[in-house]
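Chain by chain, the residues run as shown.
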Amino acid sequence: MKIRCALTGFLCLLAITLASCTPADKTAAHSANPKDNILRLFNWNNYISQETVERFEQTCQCRVTQDYYSDNEELLAKLAAGATGYDLLVPTGNAMDTLIHQHALRELDKSQLPNLKNIDPNYLGTVFDPDNRYSVPYAYTITLLGFNREKLAGLGLPTNSWAIIFEPKYLEKLKGRVTVLDSQRELMAAALKYLGYSANDTDENHWQQAKALIIRAKPYWAAFSNTSYIRELAVGNLWVAHGYSNDMFQAAQDAKKTGRHFSVDFTIPKEGAVLSLDSMVLHQSGRRPDLAHRFINFMLEGQNSAELTNLTGSGNPNLDARPYIHTDIVANPAIFPDAAQSARLEMLEDIDHTQRRLLSRIWTEIKLR
Amino acid sequence: MNKLRLTRWLVSLPPTLFLLLFFAAPSLLMIVTSFRYPGEFGGLAPLSALETMTGEGDSGLYGLTLETYHFFFSDILYAEIFLKSFAVATLTTLICLIMAYPVAMLIAKSEKKYRNLMILLVVLPFASNFLIRIYAWMIILGPESAFSHFVNNILQMLGFEPVMLLFSPFAVIVGMVYVHLPFMILPLYTNLEKHDPVLLDAAQDLGANRWQRFWLITWPQSLPGVFSGAALVFIPVLGMFAVPDILGGTGDILIGNLIKDQFLGTRDWPFGSTLSIMLMLTVLCVAGLSMLLARPRTSR
Chain U
1 MKIRCALTGF LCLLAITLAS CTPADKTAAH SANPKDNILR LFNWNNYISQ
51 ETVERFEQTC QCRVTQDYYS DNEELLAKLA AGATGYDLLV PTGNAMDTLI
101 HQHALRELDK SQLPNLKNID PNYLGTVFDP DNRYSVPYAY TITLLGFNRE
151 KLAGLGLPTN SWAIIFEPKY LEKLKGRVTV LDSQRELMAA ALKYLGYSAN
201 DTDENHWQQA KALIIRAKPY WAAFSNTSYI RELAVGNLWV AHGYSNDMFQ
251 AAQDAKKTGR HFSVDFTIPK EGAVLSLDSM VLHQSGRRPD LAHRFINFML
301 EGQNSAELTN LTGSGNPNLD ARPYIHTDIV ANPAIFPDAA QSARLEMLED
351 IDHTQRRLLS RIWTEIKLR
Chain H
1 MNKLRLTRWL VSLPPTLFLL LFFAAPSLLM IVTSFRYPGE FGGLAPLSAL
51 ETMTGEGDSG LYGLTLETYH FFFSDILYAE IFLKSFAVAT LTTLICLIMA
101 YPVAMLIAKS EKKYRNLMIL LVVLPFASNF LIRIYAWMII LGPESAFSHF
151 VNNILQMLGF EPVMLLFSPF AVIVGMVYVH LPFMILPLYT NLEKHDPVLL
201 DAAQDLGANR WQRFWLITWP QSLPGVFSGA ALVFIPVLGM FAVPDILGGT
251 GDILIGNLIK DQFLGTRDWP FGSTLSIMLM LTVLCVAGLS MLLARPRTSR
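One line per chain: the protein sequences are U and H, in this order. Read the first sequence against the numbering used here and you will find it ends at 369, with the numbers running on by one and no gaps. Read the second sequence against the numbering used here and you will find it ends at 300, with the numbers running on by one and no gaps.
If you're looking for bench data, these hints aren't it; they were derived computationally from the structure. Predicted model only: the values in this text are computed from it and were never measured. Among the hints, a few may not be true.
Claimed, not checked - Residues from chain H that keep clear of chain U, each with C-beta distances beyond 10 Å, as calculated:
#1 G63
#2 M99
#3 K109
#4 I132
#5 A136
#6 N152
#7 L166
#8 N191
#9 W219
#10 M291
As the list claims (entries may be wrong) - Here are the computed distance ranges between Cβ atoms for each label pair:
#11 H:I139 x U:K117: 45 to 51 Å
#12 U:D352 x H:Y135: 32 to 38 Å
#13 H:A136 x U:Q112: 34 to 40 Å
#14 U:Q284 x H:E193: 18 to 24 Å
#15 H:I31 x U:C62: 44 to 50 Å
#16 U:D67 x H:Y114: 42 to 48 Å
#17 U:S263 x H:L20: 43 to 49 Å
#18 U:Q355 x H:I139: 54 to 60 Å
#19 U:Q355 x H:A25: 30 to 36 Å
Note that the Cβ used here is the ideal one computed from N, Cα and C, for glycine as well.
Start from the sequences and build out the full structure, keeping to the hints where you can.
Encoded structure:
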């Protein structure tokens, strides 16, 4: 009897909470209401400094809420499944291309973005958005090689070429200590670059050559890994990893902080690599484009933009931010490449559905063999 | 009597509706999706654009096509993945059975007051998140872990090359067994607990030894529990993608990973749906088979 009473009480409580929740949610949904000062961000994990967010909240007298994604596919999949209400997204070029073609983005009003002048012109007018009608560059990463400096020096292996993850003569000394990205496009791009083709090459013969190269090297690799290589590199379990520059930066920091007897370093291979430029765009479903514009302009200020780079080691297309960035980061050619290296970087473009299916078929074969 | 039937109907109506809505409807959607064309930017090609789509290849009727099925059956590669997933699922189920049976017997034979505590211990791992537990295995099996050192020291003493435990098929099986073991223990326990000890006494009186008592009395009676446990392990393992993703090496792709890839990386919903349907059909076959196997034993 006692139990039943308690149960009824609990149910009543539940009913009350639910009832009191609904009206609050409703007002949130109808946020044409100007008092509802909330900017909704849909951003990468760990891709903005908390201090920056707090400072923006103070200047705009509003609140910033964030949801996170860990790759572009997740972003696109969630939006395709009907996620709405986001004012601002930060997709990479090819995902942005898809969003533009889906008419999912709102055009920018550049009169509200005076700080746009701070952006390095080299990062404006990409193939995805030639006139920057929809997008403002936020930060970039380079897909490159991270390695255990002391180990590789000891083994006398080169660190400036993709050869180290593709050539059996080098891999023999690294068996089980190498990971590559679990990403069809990124790994193919590395193989294509090593073979001397463009990362955006869609010639099937070239893809087959890249497949053969990958299958030949695969027995020496420990795993396909998208995130765990950060920790494994920093701990010393891995000696070479194919991955993103900001992840390598984090691995290097972790190794330094925990006082390891080795250091993690990263370089752009001489054959060239993939550049991923992430841009701020306005989603059609956003209810506060005014706040979103203010946020973009705010993030274009040198100091705010620099905080991101100091936190994550991401590349920074903002010229005004340079003075605020730690000198060792600015001096790192794998984060701020020189002109010659920049010329060898390529951004991945989207491929059509028949090419995607063919690539998936090749990928499945790579995994199974 | 009539009133009782009405109550039964009323009580079973909500779950039935729930199943219809959340199982049948998505399955139907999946079947329809598998016959459509993929969209240029992911998702599905709109039905209205079928004129342009059909111009490219085989003529689809009303924007529907069999191309994904053609693609699936024209390539031995996909059959290989199915076979491999079946092998992994079968092995996991067998190991789970061998490990779970003694545990379930132990619990069933313990004093009543300890049983609930033991059951609690079996399900306790569910209290922490599945992914965290799998990540814990990454640490346990990592090359610098105490366990790895121990195993490799023994191997070296026996004159073998040291091995990498993490990122291997071995790690995948360990992860799979670890996650699914309770699903084998619980049905086995509920079955074993109901056995009448008098039968064992009678067998002993008739001169059966320990081994004979187990094979002739306990094992046949426990078969329904074995089959339901096997189904509870086999079917989820067949579709699992997280464990091979995290613990597996460069060759550990299972059907679940392939399906996940179709919806995320490749954005090919029709082919992903086709793979899911094929998986569902095989799972239904397995479930049907295990029901058939379980039936005659229980009616005996």
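- Which of the stated hints cannot be reconciled with the structure, identified by number in ascending sequence? 7, 13, 14, 17, 18
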